[in-house]
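Chemist: Using the hints provided, position chains B, C and D relative to the given structure of chain A.
4 protein chains.
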Amino acid sequence: MIVSNSIIRVRYAETDMMGIAYYGNYFTWFEVARIHLLDSLGIPYRKLEEQGYRLPVLETKAVYKQSVHFDDNIEIKAFLKEMPTVRFTINYELYVESHLVSTGYTCHAFTNITGQPIKPPEIFMIKLKNIFK
Amino acid sequence: MIVSNSIIRVRYAETDMMGIAYYGNYFTWFEVARIHLLDSLGIPYRKLEEQGYRLPVLETKAVYKQSVHFDDNIEIKAFLKEMPTVRFTINYELYVESHLVSTGYTCHAFTNITGQPIKPPEIFMIKLKNIFK
Amino acid sequence: MIVSNSIIRVRYAETDMMGIAYYGNYFTWFEVARIHLLDSLGIPYRKLEEQGYRLPVLETKAVYKQSVHFDDNIEIKAFLKEMPTVRFTINYELYVESHLVSTGYTCHAFTNITGQPIKPPEIFMIKLKNIFK
Amino acid sequence: MIVSNSIIRVRYAETDMMGIAYYGNYFTWFEVARIHLLDSLGIPYRKLEEQGYRLPVLETKAVYKQSVHFDDNIEIKAFLKEMPTVRFTINYELYVESHLVSTGYTCHAFTNITGQPIKPPEIFMIKLKNIFK
Numbered sequence: 010m011i012v013s014n015s016i017i018r019v020r021y022a023e024t025d026m027m028g029i030a031y032y033g034n035y036f037t038w039f040e041v042a043r044i045h046l047l048d049s050l051g052i053p054y055r056k057l058e059e060q061g062y063r064l065p066v067l068e069t070k071a072v073y074k075q076s077v078h079f080d081d082n083i084e085i086k087a088f089l090k091e092m093p094t095v096r097f098t099i100n101y102e103l104y105v106e107s108h109l110v111s112t113g114y115t116c117h118a119f120t121n122i123t124g125q126p127i128k129p130p131e132i133f134m135i136k137l138k139n140i141f142k
Numbered sequence: 010m011i012v013s014n015s016i017i018r019v020r021y022a023e024t025d026m027m028g029i030a031y032y033g034n035y036f037t038w039f040e041v042a043r044i045h046l047l048d049s050l051g052i053p054y055r056k057l058e059e060q061g062y063r064l065p066v067l068e069t070k071a072v073y074k075q076s077v078h079f080d081d082n083i084e085i086k087a088f089l090k091e092m093p094t095v096r097f098t099i100n101y102e103l104y105v106e107s108h109l110v111s112t113g114y115t116c117h118a119f120t121n122i123t124g125q126p127i128k129p130p131e132i133f134m135i136k137l138k139n140i141f142k
Numbered sequence: 010m011i012v013s014n015s016i017i018r019v020r021y022a023e024t025d026m027m028g029i030a031y032y033g034n035y036f037t038w039f040e041v042a043r044i045h046l047l048d049s050l051g052i053p054y055r056k057l058e059e060q061g062y063r064l065p066v067l068e069t070k071a072v073y074k075q076s077v078h079f080d081d082n083i084e085i086k087a088f089l090k091e092m093p094t095v096r097f098t099i100n101y102e103l104y105v106e107s108h109l110v111s112t113g114y115t116c117h118a119f120t121n122i123t124g125q126p127i128k129p130p131e132i133f134m135i136k137l138k139n140i141f142k
Numbered sequence: 010m011i012v013s014n015s016i017i018r019v020r021y022a023e024t025d026m027m028g029i030a031y032y033g034n035y036f037t038w039f040e041v042a043r044i045h046l047l048d049s050l051g052i053p054y055r056k057l058e059e060q061g062y063r064l065p066v067l068e069t070k071a072v073y074k075q076s077v078h079f080d081d082n083i084e085i086k087a088f089l090k091e092m093p094t095v096r097f098t099i100n101y102e103l104y105v106e107s108h109l110v111s112t113g114y115t116c117h118a119f120t121n122i123t124g125q126p127i128k129p130p131e132i133f134m135i136k137l138k139n140i141f142k
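Residue numbers (this note's numbering), protein chains in the order written: chain A, 10 to 142; chain B, 10 to 142; chain C, 10 to 142; chain D, 10 to 142.
Here chain A stands alone, though its shape is the one from the complex:
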């Protein structure tokens, strides 16, 4: 299993008039954590795009257990639990002061620039095979 840890600090722009973070913004935080996970693998997403890959989201879910607020520091754990095949899933856990406040996942496939599904880049598979073997 691959795990990465990221910290984001809730922006005022991310709150709504309920006084809490708007539910749609969690998906941007998932992105931050996902980018970080790829960084930690030595495969920055920016590089993948430069090589013609795209990693669109096919499906996503979030569960909100406790509200988060402006200025909260959220620790986001991103998990890749299985060797990717054509599709793969990243799981997320969000913590504020060690309390689990939210969970979620995103499901992805590699595509080319025009959106056609393609095999994952070789470097990606090699790195992951070493980890998941």
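Think of the hints as simulated: they come from the structure by calculation, not from any bench. Careful: at least some of the hints might be erroneous.
Same chains, same names: a pair is fine if it fits in one copy or spans any two.
Unchecked claim - Below 35 Å or equal to it, Euclidean Cα-Cα: the simulated DSBU-like pairs (lysine-lysine) are: (1) K142 <-> K86; (2) K56 <-> K70; (3) K56 <-> K136; (4) K128 <-> K90.
In this text, all values refer to a predicted model and were calculated from it rather than measured experimentally.
Modeler: Showing chains B, C and D alone in chain A's frame:
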């Protein structure tokens, strides 16, 4: 079952460098459709908040079948399929030129201003009982 | 002078914990009005992009006279006051129930896909010459 | 003069289909830098709100000199150049790899919860008097 139809036009701000709408923005569109569903019931969400109710999201999911693009007109159908209890779910279907491009749901509970779960407003339940009887 | 009128309804996602619309979201609304202005000229921005043009923002300003709130219907007037040259400016006025609540402008130049300044598309100039003559 | 330095990393969500960061997102980054400036003064904005103060934006401007891209690290300098009176201005400079890519400002006033202008909090004025004397 209650159904409402909304149209949103994809904003440039809602696209990303993949040339498609960013996956997190769908949740704002769900909101637009949800607000519209409440309007169609004669219970504007603004009024509910004025009366001390809040309707936070407890869980949400989106499935992306086809990308949507800048300037696309998206028809969003929002469905309330069952008589709400303490929790209730709204389902969404997004169409571009009659093609189903995305589905999703949001799960809600009524709370007071401080986030404590409370019974749905009476007017809400009366209206819905008439529809679901 | 060219004027277009657009209506946007403030989304919950666009509010912040101050209970009003977040100041950065006005620039998305300016975009909505700008797209609408181009539509009204018979030159949809989508078409301009398909022909290889881009219209990045070089400068923008907003003045906030009165707060706007969730569910407000904002009427946005967009003005093109002068025949465009290499650069051109669009002015905006935002009204809620006929009260002027905000003003602003965006300054633009036409560029190609790689961001190099280029002459405006001929159809754009022809249409505008007819209006500004 | 008071200066603070912040770093933000451009999120995918902040890009648009032009392949660059959307112009409206700079105002969120200004906010991040502004919050950081208050932190550096020992007056977290969160605390100000808890004491009943609000700091709405009255006016803002941004100048875009060079595009910024996904994954760019942007260094944001925020400046408070003058002793605040009823209104005050914060200036921003954005740098990518030491190149100035954007400038801007936000103009603010202190208000109470209902939006009425009020005197700045005493602690704010005391701290600033020591710096600007």
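Chemist: Evaluate each hint against the coordinates.
Modeler: Against the structure, the hints come out as follows:
| no. | hint | verdict |
| --- | --- | --- |
| 1 | K142 <-> K86 | within (22 Å within a copy, 45 Å between copies) |
| 2 | K56 <-> K70 | both (27 Å within a copy, 29 Å between copies) |
| 3 | K56 <-> K136 | within (15 Å within a copy, 43 Å between copies) |
| 4 | K128 <-> K90 | within (19 Å within a copy, 40 Å between copies) |
The structure fails none of the hints (numbered hints given earlier).
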